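Listed in order, the protein sequences are those of chains A and B.
Quick note, our numbering runs 60 ahead of the 1-based positions in the first sequence.
Quick note, our numbering runs 1 ahead of the 1-based positions in the second sequence.
Watch out, some of these pointers could steer you wrong.
[Stated by the list, open to error] Taking lysine-lysine pairs in the DSS-like style, the calculated list, with each CA pair at most 30 Å apart, reads:
1) A:K465 to A:K408
2) A:K409 to A:K389
3) A:K408 to B:K52
4) B:K101 to A:K406
5) A:K330 to A:K465
6) A:K403 to B:K160
It should be emphasised that the hints constitute simulated quantities derived from the structure, not laboratory data.
Model, not experiment: these values are computed from the prediction.
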Amino acid sequence: MATIVELPRLSDTMEEGVVAAWRIAVGDKVKRGQVIAEIETDKATMEFESFDAGVVLKLVADTGAVLPIGAPIAVFGKEGEDPSEALAAHGGGASGGDKPAAPRDERAPAEVAKAESAEAAPAPAKAAPEKAAPAKAAPAKAAPQSSADERIPASPIARRLARESGLSLSQIQGSGPHGRVVKADVEAAAAGGSGQLAGGSFSSETDVFGRPYISREDQIAAPTLMRRTIAKRMVQSQQQIPHFYLTIEVEMNAAAKLRSELNASVDGTKVSFNDLVIAAAAAALRKHPECNVSWSEEGAVMHGDIDIGMAVAVEGGLVVPVIRNAEQKSLVALSRETRNLGKRAKDKKLDPKEMTGSSFSVSNLGMFGIDEFAAMVNPGEGAILAVGAVADGPAVREGELVIRKLMRATLSCDHRVIDGAMGAKFLATFKALLEQPMRLFAAG
Amino acid sequence: MPELQIRQAIRDAIKEEMERDDRVFILGEEVGHYNGAYKCTEGLLDQFGEKRVVDTPIVETGFSGVGIGAAMCGLRPIVEFMTFNFSAVAFDQILNNAAKIHHMTNGQFSCPIVFRGPNAAAHMLGSTHSQAFDAFYAHIPGLKVISVATAYDAKGLLKSAIRDPNPVIFFESEVMYAQRGEVPDEEYLIPIGEADIKRSGADVTLITWGQSVPTSLEAAKLAAEKDLDVEVIDLRTLRPLDEAAIIESVKKTNRAVVAYHGWPYGGVGAEIVDRIQRVAFDWLDAPVLRECYEDLNMPYAENLENIIIPSAERILSALEKVSYR
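Excised from the complex, chain B in its bound form (with noise of 0.2 Å):
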């Protein structure tokens, strides 16, 4: 199987899709000539021209507001943030358009819709580049939410996200668009809402996705050497989120640790948690705990942002410490 970069699978997403459907086109700042702020649209200019790929001036709330038009007109956009802290600017119009058009107009409208971009920390981008947007878009109803962690499952998942109904919003990492992994040759599609177990183990459950997938593989490869076997749970869709997944697996180590990039407060992981400690009660032998982000908005100093970004170490601490260890 040829190994791809994540860029290169998310490219190849949205080729096939665009080669498959002439509904779907892509708009977003330097996706065209520039081929990408991140090469994720590397060639697709020379391939589809200008009308399909298209580049847009920094006016995040307004080409938002046309890709959104665009798809209750029956197309099939793509919209790139360039890192989804500028999705703030455009907050409104996923919020109360896109989220809603089909609510709002009983069904008359949908708005089959993909923004995607990086997410979370990368290193040294200051506070306001540096946030996870997983908690203020999983709370919204009427959206999905996928954040991806290999190559695999990016393309997956875009090509399912692209084809969906539904707005969806796409999560990636700038920090692992370089990450290989093998990618079928053959088309595939990932179905949204499924949870895929990345280790499976059978004395601790850590759930994780996104940027926080490789550490936590890192902490369960630390918890081995300590011989605490660890299940590794990658979400990979936050909205809907796949419950089943999560409680079979904790009906069957009895502890849970949630690991991810974003903040505690009323976060993805405090809905996990909640979950969990719901339906799963009487199977909890301990506490479930969350590594993430401290409560602080993000520091630019590289030695305070690596105490902020959930470590490996400090996940290994919390895995420890739901096993009486």
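If we strip away everything but chain A, and leave its shape as in the complex, we get (with noise of 0.2 Å):
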């Protein structure tokens, strides 16, 4: 049902007003707030503001034609609607002359159609009372949508700046708490011009305040060298590498107590669970040479040094320096070594020479809260090791549960070179030196 638009009252003492000029014309699309007339009042001319929204059926008001508050002065509803009906149903259908229309009165739209249905034709007059009920629903229809609107949670600057920029808050996504648009909102939004918003755009889906979701575009980063050798390799190492998985605890009581006492005791030493990892890896790797071991055409490469790899996450991907003879070198020298390569690798200024050569490597998640992972093993490596977190954990002992600090590490193996017991014994060998860590000391 179309909706008839009324001379407003705009001034305390308005009788009667003229409208001035229309800035809309017929088949326009009108939105809540926009100025639709000038409307001269007995004090001056005012920009008139739609109470309503809709397509403009027909413009009722004559320019300079003196009317009394409450005259139909133009039928918005939906396209091709026709507006007779409604007008006939205001009452008010004729007006539009000189001849000031009956004011509007406390009677119901009903009574009111009743009573000019019966000057108007006969026809029509029979069907006009029936007709009418739904004139007195067509305000009705609005309201809700309005009301909808006003249950939007919003901030009051968020409404006010929705309302000044002519956007509807039913088109914006709140990211305040429950769904609340606020400023920041709105002003993304008017960004974004309508319909269209700073980075995205609405989606079909609808909340439940009836507001669309905001959909984004995807966005290609171009790769970066870094990225593109990680992905080169580890393409090379999941195609062509077969992998298998051995995993293991490891209680770390004793290290993280050789840990606090060697820090506490020598100075300048901050030694980390990362380098008890490294030096016990590196040692059982020179009791289990089979496993500093990597594949190639000619055959099974047994590495001469144990040169381990130490995957350091930097911005934009990770980089590997490489910790060269580190089964040689003292928990104090090594712990001082991962330390400046991790914090240059962080800075990017490693050497390419300090990344390249490694036999094994070393992955530990641990300082992320991560359990357990399995790493891929780098090309030209035979296995990595990946470690999680050493973290308080029930544990059996003599048949007792306790509660032991715990720390779970993970080999991946190349198959081509290293088979399961192999694995397994490097991992018990790697065990039993971090549970009884004074071994680490001792030499062969």
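Got two chains here, separate frames each, mind docking them using the hints?
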């Protein structure tokens, strides 16, 4: 049903008014709050902001005609809708000329329609009362729409800014608590233009308030050299290296004690769990050189040196600096080196030479709270040890349930050169070294 | 500029006004021979004698009444409360006499008197000695209420209070008497009713006064580390309230937090929240929050007291909340 736009009361003393100029034409789509006409009152000519939305079906009032407050001046509705029904129901259909329409009174629209229909042509007269009922519903139909807008949670300033920039809250997703539309949301929507949002567009799905979700375009980040290298080598690893995985749990109570004693008693030393892990892995490789190996077409390469790669997360990827002859270095020297390499890796100040030629790698995600994970073997190596966090956990000792500091380590192996039992023996030695860490200081 | 402790700035204000106007005198417990419980009247007895620096017995009702009577008869008394907690005993004098004399005598009498002393929680003084009286006195028409947080403000506002023709409540802080701040040598007055922007910022308005000013500045510093630019407004006067300063800032930042010593229920913070929502409603982007005492009597235990008094961290979390961080 079409909506009748009535001449509004624009000042306290205004009783009649004149449409001085129209700002809309038949067929225009009008938003609520849009200026549709200039109305001359007893005081001034004022802009009339529409209370209603819709397509302009008819401009009823002629410009310059003196009309009483409440006289129909225009009809809004759906495209192609016939305005005459609504006008007949409103009872002011004939107005628009110089003849002042009957002042709006307290009677219900149906009554007015009845009274008017008596004057109208006989044919529609009968139908008018029945059709008048929806006329009453017309404003009621508009009301839920506006009250739905009111129900959308929004901060006062967001509401005001939306109104001022002609945006509907029903088109803006709220980023505040409980979906509250806040100032920043309206500003972002306004910056994106109508129907567009900064960095996104409206999705077809809507939330409980009928607001569309925001859909954001895929972005392509041009790969850095580091990213290309990682991609190439990991595909190579996954496609060419037949992986298998062995996981072992290590009790770290003794290692933790050793670490704190060492750090307390040796000046300038800050040995980390990861340093102990690297030292133990290096020592275990010396005992099991069959794991310090890599595949080549000519045969398994038994590496002479134990050069341990240490995976370091850096901005935009990761790098693997190498600790050479790791099994021959003291824990203190090793710790100093890992710290130095780690810092320079993060600063991107490593020489490429420092990142090549490792025979075995260690990757540690314990600092992120990861319990355990399986790493991918670096091409050129035979195995990689993935280390999780050291955390208190349940352990069974001599039939008793006790709490111990536990760490899980997973060895990923290239099955072309390392078999299950070989990897298992390496891990058993690794575990023993960390559970009795004094062994790290024993020669051989 | 010389750096003075707040207690010295207060002493200097009283001294200068007593030198300037011989109607000005001070009375209270230990103000004379002991030089003030917190040394805010140091040297005044020696300079002005016992007629103008009057040690009183421990009867707040009595000496407050003496002060009000003296003010009605044309003198300019300053009544020192050893703490505003003791002003509870003199509440009837302040509420029903000082605040109402001018009104009830149709202007035949006025009551130019200053009631001053430390207010709010200090450190482990228990529930009866840790109260903030801001809301009690700011509630009363006929009074002016000042709360100072720096040596500069203390001196300039106390001098204005002494010269004001109305009864003025002047809040100080026991834990802040030793804080130093620059005070010019030359005479100056700070008008009653003017807030001071202690730190300007663009993102959130933090309204505060008294003992919460340094805590709020600390919170603003913590916020700055998190890239949140906080504007700290020190009200300095609680009645009349500098509404314009608050509203101007809120219109700029669209968010506000009120931080103060005092209970939440019906407190000065509630008054400020009311003004903001009423006057600047269309500028608000978040509900206005308050950080103040918990709605409890102050415990003696230090750990519990620390939970009740609004800390910089608590204020920071409110600042973050209104900023949707």
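For each hint, the structure was consulted:
Taking the CA atoms of A:K465 and A:K408, the gap is near 34 Å; set against the 30 Å cutoff, the hint is violated. A distance of roughly 23 Å separates the Cα atoms of A:K409 and A:K389; the hinted pair therefore holds under the 30 Å criterion. Distance check on the hinted pair: A:K408 and B:K52 sit about 79 Å apart at the alpha-carbon level, beyond 30 Å; violated. At most 30 Å may separate the alpha-carbon atoms for a hinted pair to count; B:K101 and A:K406 exceed this at roughly 72 Å.
For a cut-off of 30 Å, the pair hint linking A:K330 to A:K465 stands: about 19 Å separates their Cα positions. Distance check on the hinted pair: A:K403 and B:K160 sit about 60 Å apart at the alpha-carbon level, beyond 30 Å; violated.
Checked against the numbered hints given earlier, the structure breaks hints 1, 3, 4, 6 and satisfies all the rest.
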